[in-house]
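Okay, so the sequence shown: first residue is 63 according to the numbering used here, each after it adds one.
Keep in mind that the hints are not guaranteed to be accurate.
Computed cross-link-like contacts, DSS-like style, restricted to lysine-lysine with a CA-CA straight-line distance of at most 25 Å [unchecked claim]:
1. K73 x K117
2. K99 x K88
3. K176 x K197
4. K112 x K163
5. K73 x K147
6. K176 x K146
7. K147 x K117
8. K156 x K93
9. K176 x K117
Label-pair ranges, simulated between beta-carbon atoms [claimed, not checked]:
10. C121 x K216: 42 to 48 Å
11. I177 x K79: 46 to 52 Å
12. M76 x R220: 36 to 42 Å
13. M76 x S212: 38 to 44 Å
14. W149 x M76: 15 to 21 Å
Note that these hints are calculated values from the structure, not bench results.
No residue lacks a Cβ here, since even glycine has one placed at the ideal position from N, Cα and C.
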Amino acid sequence: MKSCATGTRAKNNMRFKRMYSSSVDKSTGVKYDQIGKLESYYPSRDYPEKLRRIKYYDCETDKELIFLTNNMELEPTEVAYLYKKRWEVELFFKWMKQHLKIKSFWGTTINAVKIQMYCAIIAYCLVAIIGNRLKVDRSIYEILQILSISLLDKTPVREVLTKYDCKNVKELNNKQLIISGF
63 MKSCATGTRA KNNMRFKRMY SSSVDKSTGV KYDQIGKLES YYPSRDYPEK LRRIKYYDCE
123 TDKELIFLTN NMELEPTEVA YLYKKRWEVE LFFKWMKQHL KIKSFWGTTI NAVKIQMYCA
183 IIAYCLVAII GNRLKVDRSI YEILQILSIS LLDKTPVREV LTKYDCKNVK ELNNKQLIIS
243 GF
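Taking the hints into account, I'd like the entire structure generated from these sequences.
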């Protein structure tokens with residue numbers, strides 16, 4: 063394992079043998095900054111090198127978090143900050159999976175995947191803008207579902223979203239044609 067910028071959250075049952083501690087400024091939220099080794103058989107066999115364990119209190123979430131990293135150069139607050147940003151990226155991807163409904167990618171290159179994700183995000187944002195401007199009292203998910211089943215309908219969007227009684231719109235399991243060759 064090469065030196066990494068962040069690390070990982072430590073599990074509650076992780077056994078760690080502290081070798082020494084560094085002094086910390088507790089006003090920054092850092093509770094401790096320790097160097098040590100993993101004690102459990104398999105983890106210590108898989109990673110026998112020294113690790114750094116940092117305990118950090120996040121006042122925004124009112125939680126104490128413990129991080130493991132093999133980066134000995136970064137300040138403990140930087141490790142906590144990087145982990146927090148990494149977690150925000152994870153939450154963003156979770157949101158994308160839940161809301162953008164990308165079932166498969168049309169291409170395999172990074173550029174193709176990025177383009178498809180950008181298109182999905184743009185479509186989602188446009189639908190949110192339409193819902194906001196038309197003052198539609200529906201969730202963006204509902205609006206997307208209504209639009210997906212009325213794509214070829216010539217009814218104006220305002221009418222589709224406001225006049226139709228589409229309570230509890232669910233994703234249709236219709237027999238949509240599949241475009242092959244992608």
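Results for each hint:
1. K73 x K117: Roughly 12 Å separates the two Cα atoms, so the pair holds.
2. K99 x K88: holds (23 Å)
3. K176 x K197: violated (31 Å)
4. K112 x K163: Not OK: K112 and K163 at ~42 Å, beyond 25 Å, violated.
5. K73 x K147: holds (19 Å)
6. K176 x K146: holds (24 Å)
7. K147 x K117: The given pair, whose Cα atoms are some 17 Å apart, holds under the 25 Å limit.
8. K156 x K93: violated (30 Å)
9. K176 x K117: Measuring from Cα to Cα gives roughly 36 Å; hence the hint is violated.
10. C121 x K216: 42 to 48 Å: violated (55 Å)
11. I177 x K79: 46 to 52 Å: holds (49 Å)
12. M76 x R220: 36 to 42 Å: Violated, since M76 and R220 (Cβ atoms, about 56 Å apart) do not stay within the stated range.
13. M76 x S212: 38 to 44 Å: violated (53 Å)
14. W149 x M76: 15 to 21 Å: holds (18 Å)
When each numbered hint is compared with the structure, violations occur for hints 3, 4, 8, 9, 10, 12 and 13.
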